[in-house]
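*Asks:* If you're matching positions, the sequence shown starts at 1 in full-length UniProt numbering and goes up one per residue.
Errors might be hidden in some of the hints.
Claimed, not checked - With beta-carbon atoms standing in for the labels, derived distance ranges:
#	residue 1	residue 2	range
1	Arg9	Gly123	15 to 23 Å
2	Ile137	Glu160	32 to 40 Å
3	Gly155	Gly123	27 to 35 Å
4	Glu6	Gly123	21 to 29 Å
5	Gly155	Glu12	28 to 36 Å
6	Lys156	Val38	17 to 25 Å
7	Arg57	Glu130	16 to 24 Å
8	Asn120	Asn140	18 to 26 Å
9	Gly123	Lys156	32 to 40 Å
10	Glu130	Thr17	19 to 27 Å
For the record, the hints were derived by calculation from the structure and aren't laboratory data.
C-beta: ideal position from N, C-alpha, C; glycine also.
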Amino acid sequence: MKAQIEIRRMEERDLGTAADLVLRLKRLNEEFDSVFEVAEDAREKIEEMLARFASDRENHLVMVAESGGKVVGIVFVTVVDRSFYSPKEEARIVDFYIMPEFRRKGIGKMLIERVTRELNEKGVRFVTAEFPSHNLIALNFYRGIGFREILSVYGKPIEED
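Modelling step: build the complete structure from the supplied sequences, incorporating the hints.
*Replies:* This is the structure in structure tokens:
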């Protein structure tokens, strides 16, 4: 029998597991480029960030996917101002992670559909996603659900003198 998946807002009881999932994502990002080197105190900072942002429902949305009482996926969205453009607000998917054993089962798509429904109810009409350039799995996932490339961000470390 297939386990039921529940998509819901993250709750305080989910903080530890949710922080672990985001940390796994950050460590995965580290494999794509050394600019994403994970700080020693990352786990603590992630938990603080999630707690703060989960309580700020005006500008942030943190959703989880739960299977059999276990949080198996997370998406973190922040709403940013686009004053010079229309629509004026952009919902940016900043962190999005599904446990490996739960991938390719439609959970990611379910999370994004729920996020877009919640955003639509808030009047937000534009959503973007950010992820490392070399993450082809993320690239193909987002393209597969209708996203397209709209911006390129380049970076370089500044060497100390």
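*Asks:* Okay, which hints does this one fail, numbers in order?
*Replies:* none
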